[in-house]
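Chains as they are written, first to last, in my numbering: chain D, 1 to 650; chain B, 1001 to 1156.
Derived from the structure by calculation, the hints contain no laboratory data. Don't take every hint at face value.
Stated by the list, open to error - Within a straight-line C-alpha distance of at most 30 angstroms, the following computed DSS-like cross-link-like pairs (lysine-lysine) qualify:
(1) B:K1018 - B:K1002
(2) B:K1068 - D:K352
(3) D:K195 - B:K1018
(4) D:K61 - B:K1120
(5) B:K1068 - D:K52
(6) B:K1120 - D:K52
(7) D:K478 - D:K381
(8) B:K1082 - D:K52
(9) D:K464 - D:K478
Just so you know, these numbers come straight off a predicted model, no measurement behind them.
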Amino acid sequence: RINLSSAFIAADHSDIPGQNYVALIEADQPCLAVDEVRHVAEPILLIAHADKQALIGIDAKVTIDYASEKPNYDPEKASLCFKTIAIDKGEIDRGFRDADVVVEGEYRTGHQEQLYIETNGVIAVPGDGQMTVYGSLQCPYYVHKALMVLLNLPPDKVRVVQTETGGGFGGKEEYPSMLACHAAILARKAGRPVKMIYDRVEDLVATTKRHPSIVRHRTGLTRDGRLTAMDIDVVMDGGAYATLSAVVLSRGVIHASGPYRCDHIRIRGRAMMTNTPPNGAFRGFGAPQTQFAIEAHMDRIADHLGIDPVTLRERNALKPGDTTATGQKLGKDTSALPVLREAVRRSQFKKKRRTLKGTSRGIGLSLFFHGSGFTGGGEVKLASKASLELTATGARILVGSTEIGQGTRTMHAQIVADALGVPFDAIDVHGVDTAFVPDSGPTVASRTCMIVGKLLERCARDMKKKLGELTPSQYFRKHGAFTVTAQYEPPPGLLWDDDRYAGDAYGSYAWSCNVVELEVDPVTFEVVPINVTAVAEIGKAIHPMMAIGQIEGGTAQGIGYALTEEVVMKDGRMANAQLTNYIIPTPMDAAPMDIGILERPYVHGPFGAKGVGEMPIDGPAPAVINALRHCGYDVRSIPATPERLMKARA
Amino acid sequence: MKLIVNGRARHLDAHPMKRLLDVLREDCGLTGTKEGCGEGECGACTVLIDGVAVDSCITPVAHAEGRKVITIEGAARTRTGKALQNAFVEHGGAQCGICTPGMILAAAPLKPGATLHDIKTALAGNLCRCTGYPAIFRSVDAALHPRRKGKRARAR
């Protein structure tokens, strides 16, 4: 029941001209609920007014009658499973027969909020049989597709323009499609532009978060610490709709056995439905959860066997020529050991491990890796495109990849300038607007440099060939402009079998080791990171300062994940949906960081580059938890808040 | 109501309890001041009132009546503003940029020679999610220690 004057525009599902779902992987999430809501933030009715002040308290004028059912917030008791994945390598039973010891453990991670400082927001501008949406977003063609389905419009009648975007971290991967659909429905009904910007509380309550996880390990080893069997069970809490859970789970399970060599591996993964707002993309995309588990588990194994954590990892770290859990044979750029040794050296880990023992300080490490680009056959399916247009002064880049602070524009322009042999300033980057730029795939998955950057490098080399002896401006004056387009082709020999979940899961992997030294206040159980070391092997740092910026920023987010960032869910709603009590690191919390970059070029990356953006968030949490173990706290779930630490005191 | 915004007198017809943030963005057209949380926690909306950094999202415009307001658009008018802006570019102090106006204005009152502790304290009320802060500290440090230019700033 709605009691509103005609100055308000109200719209529900009956105002949708096309299909009522937010197009992504599954067609399960309605844009506006029809007769069922699965979570507390599920949209039912949209209301607009020319004056935003008039909308304050508007919910009091709307009555919705609900018949309640019992909600479920436990992913292990869910009635609906979005996705299961099974990975089998070797014979798990044989692996356990070969084992001298078996170590088991269960590890849990909570929700994490991306907390971009600019909240989600869009503007929809209706036209004659068309719709334009401007927004703070990562993936313009995701929004484009969602609007086509919702509005039943052909591709050329929908236009999506990215506005300068104040951070994303995955939080503006899929949710902007929902928001754009809402604004478009209202704009269509009102016949005028509609702006929708979430305030912070709305953004925290309604938008996606990192999937909570439960990971169980059962590991067989020889007495001298060689892995013989890894049996891993991964459960992810998907929230109320499928969104990206299937692919988050995929990256999660593929990284679940860590950067380690083992002949007999069994991994089972499930993404389950619960009655909270859907969980979705967040930097790392499943890998931080599973690598938290394996890395915390490795230190428990080290304790169990009486081997130091460095030696245990040295004995098992993947080397060139080894195979991963999916049977991918690793190339020469495999760098688990180099990053481990460099981080141990730089941080004086071994010495501090001895001298800090028994004090309120501790030191811990984590070794981890991250596949660059879409998982499995994902890049082949995406078939991304990039274009380069000759201009009077150089060339203009046309890609759908967005700049969200990570340096897309600068890094792409560097690649093109170098491949074309012109100065950096000769390269323009076109704004991201679906009316002008091709679909380069989403700006996610550490793929913007390695995959899209490589397409641009190919464009630039093709352009250079066509220019012959002429400079761009000479050619332009003589023959006019032309455009070169490149489309993704898998590197030769890169094979993936989606049915068996086996083969080359990623074109390449980046490798990293974190060392965290911290101090625990014995009275308040507050944890203060003292020094953080991060060594990353990323193929080639196209722009070293920005690459270091990615590593520092991702590492800080990882420390927040480990210690303070707790989403408190009460009856399926985020209870601490404010910056006052959802605590991300502040300037006062910033620990000194020592960043080391190693470069082992990947032959199919632009100038050897691999992905860098996501990996830094995979390792800080287990390094923190392992440092806490060194101080005598047995923590197996994060965040390690003072309350949890008090209970975990050994 | 009269405000002196970036050195220019503005006569505004605004409700005295309207947020200074909204007056700057909507009535003055100065959209460089950002809203991150609306509750004085994140500092994205930081401006200077008579040289003191305040959160404009929790400041009623009446509080700024007759006083000198500096926004990011006028930051170069402050003693350190221009050097800070250049240093943020040079040292990667900005990634997505949404916290940057607030960071620069929060740092603007710092005196040359400020220590890392002084810098952290000045920025304590400003959140950044991209950088994890070290690059921001390096930027502010470089702006406040121009003689060290060319060398890598010490602050991490």
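Hints, verified against the model:
Taken as a hint, the B:K1018 and B:K1002 pair is honoured in the structure, with Cα atoms around 14 angstroms apart against an allowance of 30 angstroms. Note on B:K1068 and D:K352: the hinted pairing is violated, with a Cα-Cα distance of about 52 angstroms set against a maximum of 30 angstroms. Pair hint D:K195 plus B:K1018 holds up; C-alpha atoms about 20 angstroms apart against a cutoff of 30 angstroms. Between the alpha carbons of D:K61 and B:K1120 the distance comes to roughly 47 angstroms, so the proposed pair goes past 30 angstroms and is violated.
At most 30 angstroms may separate the alpha-carbon atoms for a hinted pair to count; B:K1068 and D:K52 meet this at roughly 29 angstroms. Simply put, B:K1120 and D:K52 have alpha-carbon atoms about 37 angstroms apart, too far for the 30 angstroms limit, and the pair is violated. At most 30 angstroms may separate the alpha-carbon atoms for a hinted pair to count; D:K478 and D:K381 exceed this at roughly 39 angstroms. Under the criterion of a C-alpha separation no larger than 30 angstroms, the hint pairing B:K1082 with D:K52 is inconsistent with the structure, at around 36 angstroms.
Proposed proximity of D:K464 and D:K478 is supported: the alpha carbons are some 15 angstroms apart, at most 30 angstroms.
Hints 2, 4, 6, 7 and 8, counting from the list given before, are not met by this structure.
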